[in-house]
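Peer 1: So the chains spell out like this:
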Amino acid sequence: MHAHVPPLFSALRRNRTGAFLVIAQIAITLAVLCNSASIVARAVARIDRPSGLDTRDTFVMIVEGLSKRFNIAQAEATDLAYLRALPGVAAATVTNGRPLTNDGTVTQLRRTAAPSGSNPVRTSMLPVDEQGLSALGVPLVAGRNFRANEIVAYSPAGPSQRPAEIIVTQSLAHALFPHGQALGRTVYEGRKVALTIIGITRDFMGPQFGQPAYNAALTPQVPGKYGFYELLVRARPGRRDALLRAAKRHIAAAHPDAAVAFTQTLEQAQRLFNASSRNIAIFLSAVTALMLAVCCLGLFGVTAFNVSSRTRQIGVRRAIGARRRDIVAQFVAESALILGAGVVLGSLLALALGQWLSNHYGEPRLTLAPVIGGTATLWIVGQLAAWQPARRAARVAPSVATRTV
Amino acid sequence: MLGYHLRLAMKSLRRTPGLTVLMVSAIGLGISACIVTLTVYHAMSGNPIWWKNDVLYAVTMDSRQGAEPGRPPKSGHAPQQLSYRDATYLYGSDIPRYKAIMVSLFGALRGAPGQVGPALVNVRATSGGFFHMFDVPFEYGGPWSAAADRDPEPVIVLSHRENEKLFGGADSVGRSIAFNNRPFRIIGVLDRWEPQPRFYDMTVNAFGKSDDAYIPFGWDAELHLWPNGHMSCWGSSNPNTYAQLTGSDCVWVLMWVELPNAASRVRFQAFMDAYWAAQRKMGRFQRPRDNRLWRVSQWLKRHHVVTNNSRLLLRLAFAFLAVCLINTVGIELTQFLRTAPFTGFRRALGASRGQIFQQHLVETALIALAGSALGLALGWAELHAVHALYAGSGDAYGELAHFDPLGLLWALGLAALATIVAGLYPAWRIGRISPALFLKSQ
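Chains as they are written, first to last, in the numbering used here: chain Y, 3 to 407; chain W, 609 to 1050.
Extracted from the complex, chain W is given alone in its bound form (with noise of 0.2 Å):
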């Protein structure tokens, strides 16, 4: 039966071909659509490391100066970062299981063999729990032990990118490389590992490459470099060198802990909560109490890291694949009208409505399906185009628009959709039509 309804369906397409075509450019048009900005929002809203969303948490205080009169501090508005004392203090507590504070620094690394000239690089100076707590993968070696964090050792740890640069991808463990004229031993290589958002430091761009090397923090008071990343300083505090920097109110460190359970999270916010009390009594935090511990998914909503202009787009790309299959339910309706005669006379020669309905169904199906594939391979072309008309202007859609299996399976669901939405009523319709009104006029 339905090979009857495949050669039926064939027939009548050709007989239009016209029409066909265009039913199947509407579908495959409104589609290409979707899957670009469905492709580019998906990335843009991912949160890259779901899988322990529960259990990371960024560390705030507001530890702004002085309130403002009149202007109670809006909720969110605390500063992202925390400043140089108060991250080293809350670094020091044994609840987390794992805890990394972070700053971005820029320098120079010298020595690899057969390097001619420097290569400039963004190193995060961080603790060795951020290897763990953030699952980031190994290539060669691995992260550095708590040891190496308290008393900074001379070790790091470069990213993929950076290895095929400078050793051509080699195992280079143990090799000693200079940062800033100073000797450092390699003790890791990191597996490709670009997490979009970048959501562990979203200071600058919440979008963009991962740092080229990470050292031990400790690594940035002993070297005096001042963070290559946001800083906000407040009022009275204008520190001139990096001893004032550190013992300033400025904001320039990002924190995350690890917290496994909630005793443990109602354990750490119990112990900031002290801190904050008794630095109060010492005259800070003149502020209302905002102590906050944020989930990740928390943290990319508070950085608006799904831009306006992506939400916009995503529904103009609904709004368009709706146009485009109403367009094809009416070429359809119209389409199956003109042949009603020969639907006319089939029903009259015994076949029931249900496979009248069936077959103009696998008709709606054929081009659903074609338009589908289309959209796809459109999609695909549009992707491209987009990466290369954005790649390099800063914007994320270039950074985003990777076409990716998950953007594959959304647009085959909204394939599926389509055909359903776009063939059910012109096929019921067609079946509920009397064959003798067109027999008649035979």
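So here's chain Y without its partners, still in its complex pose (with noise of 0.2 Å):
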């Protein structure tokens, strides 16, 4: 190997900037490639967080008032008698938020009444009734379910009634109380109302608003005051479809002064839900591919000029001795070096982007994972590139050396 030194230094000095140019090309593309990759891990591992939830089978239906005559307890109880009488529906209830959605209510709940007693827990809220649990496909892994005569009405003329129970995920009984037992404890939301848990369900995830994916809760309440509701019904197996289309029926013809002002399937919520992740995850994986690519060819070029601008060398080389293997290992050795210099000045470089990126864009600090799995790629992509014109040079037959003088 000792002896394939000397020409290695000589080449890359006959064609220097064209070797300083692809070792900015590779650098920048490492630092891409590296940050890229983790961004795009991260974005595929948001899609992947289990909602916790029946997707498949669940839907959500808004039915919307269009004037003052429209009785809004009365109609919540029509639809819940009508739904719950059909043979394809698991559960049915009724609430004022969709999951995996911006719409919704939320709210902060505290350990103490005393604002300066705990910090504030931020936290979605659905109320529901006692199929809320159900309807929501979501297990119980501690305490008990609302009871029927627990949930507070609507009244429209009333004084507003709150409830007294709540029913939280596991993260949030985990934020509200880190080091001890949340079942049967009260939380506060405000100063005046007081919840107690009644049961802890497996995560889920209920109405976003940037709040940690899982703080979720709900309460026995059937809402209505805002002039609307929202159907929440979980199908048996394969008659989701069916369900809604009769559902959408029912109300067009039993509610004159409401409408169906939207219908989401939990599948649809979801998909929107991942919608930017999934999308800056294809478009940074397609840029950068395409950047590894433009960058190969760089190198591929610059290998190629070397061995075509030399072919009188490579037949001199071959003339005295030098093997096919000694020939191909020259200008593999070359591209190594070239390759060797960008993947050093690469690797800095995508750490100080990393670093950048936390510091402007808040994402987390670059490991050294995507920096190492980046390098390894860029070098062996990188050395298939140069791969190509190295056997082209040892094609080269040893009497080119006589023949162009």
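Bear in mind the hints are in silico, worked out from the structure with no lab data behind them. Be careful, since some hints might not be right.
Chain W stretches covered by chain Y per the calculated footprint, using a threshold of three residues with CB under 8 Å from any CB of chain Y [claimed, not checked]:
# : region
1 : 916-929
2 : 934-940
Here are some of the chain W residues that sit facing chain Y, going by a computed Cβ distance under 10 Å [said to hold, decoys possible]:
#  : residue
3  : Gly638
4  : Val644
5  : Gln723
6  : Gly776
7  : Asn789
8  : Asn836
9  : Asn846
10 : Gln943
11 : Leu945
12 : Leu1032
13 : Tyr1033
The calculated SDA-like cross-link candidates involving lysine to any residue, where the alpha carbons are at most 25 Å apart (straight line), are [to be verified]:
#  : chain 1 : residue 1 : chain 2 : residue 2
14 : W       : Lys817    : Y       : Ser360
15 : Y       : Lys194    : Y       : Pro122
16 : W       : Lys817    : W       : Asp799
17 : Y       : Lys250    : Y       : Arg273
18 : W       : Lys909    : Y       : Ser360
19 : W       : Lys817    : Y       : Asn276
We treat Cβ as the ideally placed atom computed from N, Cα and C, and that holds for glycine.
Quick one: dock chain against chain with the hints and give me the complex.
Peer 2: Quick look at the structure:
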């Protein structure tokens, strides 16, 4: 190997600028490759988080009152009675928010009534009745479900009542009571509203408002004051779409003063919820792959140039005894030198870029794993790009040395 | 001379078709990536009413109850909406040239000829000033008068889209239509008007379609319709009925004013501050005074309209273009070096350095031109692909990925820059070559 070193450096000296340009390309590409790999990995991890819900069989239907005459409490009761009588319905409840969307209510809960006593924990809150848990398809891990007599009815005339119980997710329970048992404890919404935790569910994603994704809670309450309600229906497998049509027909016939403003399956909601993560992953992967390709073409070009501009030199080396292997090794080593310089520079640039991204965009710090992975990828792909012109060089016949003089 | 340069350049490029295609496609890819991200970025960061940026103001007051101890409110965190009572009070001021309070409602339109079933619509209950201050274009008719605002008259303005749907695009002014089972007279039909971002109301989404119809603000209270958009309540305000809602501290009304000059701005600010002080004496507005007038540009910034993702992608696209350009410079350089013996021959025959430089510049210009053309075509195709990919996914990219003339201009600027950057160095470098070196080796 030692013998190959002198021609190696002399070659680089001949097309110094060309080599430097390729090194710069490799460095930039590696920096982008490492950072976008880490961003894409996080986006994919976000998409892969389980929703904890039965997204396939569940849909939401928003019913909106169109006039003062619309009796919301009565309409809610009618719709639930209709839906629950249908054989395809596994469970149905009435609420005022949609999981996996930013439609709903967000609030702050504390361990103490006095604001100074504890840190507030942000959570989404869905009012549901005793079928709420089942309609979401979420199992309890501790405690119990709401009882029918605990559900606070909606009445437009009376003073606003408040429920006294709450069911929380495991994540929310842990956020509220990091060091102890949450079941049976009381949490406060503002100074006056005290809620007793009667049940803890497996984690699920409620309405999303930028709070931790699994911070969600249910209260035993029938909504109605906002002039609309949302029917949350979980169908038996395969019955969802037929049920959705039946529910629409029922509402059009039963409520002349209301209309179905919107319907959405949880599947659709989840797709939209993941859209921006999915899109950035696609975009970053595509551009990074193209960059890698362009970078390899650059390396290919420089190696090809080195080969073609030194045909005679290769011929001379072959004539004085160098084997084909040696010629291939020479050009592969040359490209390795360029790659090596680019990779070292690129790793430093990658770390700097990662630092800059974490300062300006709040991305987590770049870890070493994507840098190592990116370097290995670039190295392998780069060597493959240099392989072809190197093989061509090996095919140069020794007689070339004499022919062109 | 140029013709000669061109002929030589074509000849040289044709000699190595592989490398030529490589260079052209590298530039083209880089430019197309920039076109896509620039188009989206430009649409996102654009101020859709820039010509009135100095006179239009969104009005906010920090009406939240009770300060949280040890947590001073951060700047810019005051709610973007006003409570009903604050909004209606401030709306009473005569200082602004135009003023508008607004809330988004959901409802049904019925009774258009041949209509089957109700048309479900997003309706903006607002003031007549809305159309004047935002320069909203009308296709037929016009906005309602101030009198129609005071004692709400049953008048309605339809969007272009809704008029297409209900009346097939015909002049429907003067006709009657039922909004939530109440007859309204159509007083105007808008021309196409889809400002992106929808700067005047970004409470739910910054991008999206504009409203289907508009009615005087007073109808909201008349019809007891709860707002269909965003609403925030604090502490003890927990309204149960519409009447309780209008009396509460919950915020759900947006307000805009047009203040034509600095003097009126100062006066309106003083008017707000005086109201704030009087209300504070009565026990409201317990937080530090934060009465603000936001220019449209500040308003857009406050709502973080340009997402971090799109900034990131824009930078990535430029890094990509840089790699493509470096690649092109490198390949050009190797190609020029390959033809160096020929260049040396020309120099020996009397071609000046300047002429050699020019000749190579023409060659790179040809490549850059072809690359830009390819970039434009690719960019156009990619925008369509992005649009198809993202359409309906709720991401702003789908909404915004349309090829706009300004994006084109940007792209052409980029292409020109690419030409200069990619072409100068190799052309200069090759001109410096000493002819004797190459003549020797022949």
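Peer 1: Against each hint, give a clear statement of whether it holds in the structure.
Peer 2: How the hints compare with the structure:
Coverage of the region 916-929 of chain W by chain Y holds [criterion: at least 3 residues with CB-CB distance below 8 Å; count 9]. Counting residues of the region 934-940 of chain W whose C-beta sits closer than 8 Å to any C-beta of chain Y gives 5, which meets the bar of three, so the coverage hint holds. Because the closest C-beta pair between W/Gly638 and chain Y is about 8 Å apart, less than 10 Å, the hint holds. Hint on W/Val644 holds. Least Cβ distance to chain Y is approximately 9 Å, under the 10 Å limit.
Taking 10 Å as the C-beta cut-off, the interface hint given for W/Gln723 is violated, the closest approach to chain Y being about 14 Å. For W/Gly776, the interface hint is violated, since its Cβ never comes within 10 Å of a Cβ in chain Y; the closest pair sits about 23 Å apart. Annotation: W/Asn789 was flagged as interfacial toward chain Y, and the flag holds, the nearest CB pair being 6 Å apart, inside 10 Å. Below 10 Å, beta-carbon pairs count as interface contacts, and W/Asn836 has one with chain Y at about 8 Å; its hint therefore holds.
Evaluation of the W/Asn846 hint against chain Y yields a held restraint, the C-beta minimum of about 5 Å falling below 10 Å. Among the interface hints, the one on W/Gln943 holds; its C-beta lies about 8 Å from the nearest C-beta in chain Y, closer than the 10 Å criterion. With its C-beta approaching chain Y no nearer than about 6 Å, W/Leu945 sits inside the 10 Å limit, and its interface hint holds. Taking 10 Å as the C-beta cut-off, the interface hint given for W/Leu1032 is violated, the closest approach to chain Y being about 13 Å.
With a cut of 10 Å, the hint placing W/Tyr1033 at the interface with chain Y holds, because the nearest CB-to-CB distance is about 8 Å. Simply put, W/Lys817 and Y/Ser360 have alpha-carbon atoms about 34 Å apart, too far for the 25 Å limit, and the pair is violated. Note on Y/Lys194 and Y/Pro122: the hinted pairing holds, with a Cα-Cα distance of about 15 Å set against a maximum of 25 Å. With a CA separation close to 14 Å, the supplied pair W/Lys817 and W/Asp799 stays within the 25 Å bound.
Pair hint Y/Lys250 plus Y/Arg273 holds up; C-alpha atoms about 23 Å apart against a cutoff of 25 Å. Note on W/Lys909 and Y/Ser360: the hinted pairing holds, with a Cα-Cα distance of about 21 Å set against a maximum of 25 Å. Pair hint W/Lys817 plus Y/Asn276 holds up; C-alpha atoms about 21 Å apart against a cutoff of 25 Å.
In summary, the numbered hints that this structure violates are 5, 6, 12 and 14.
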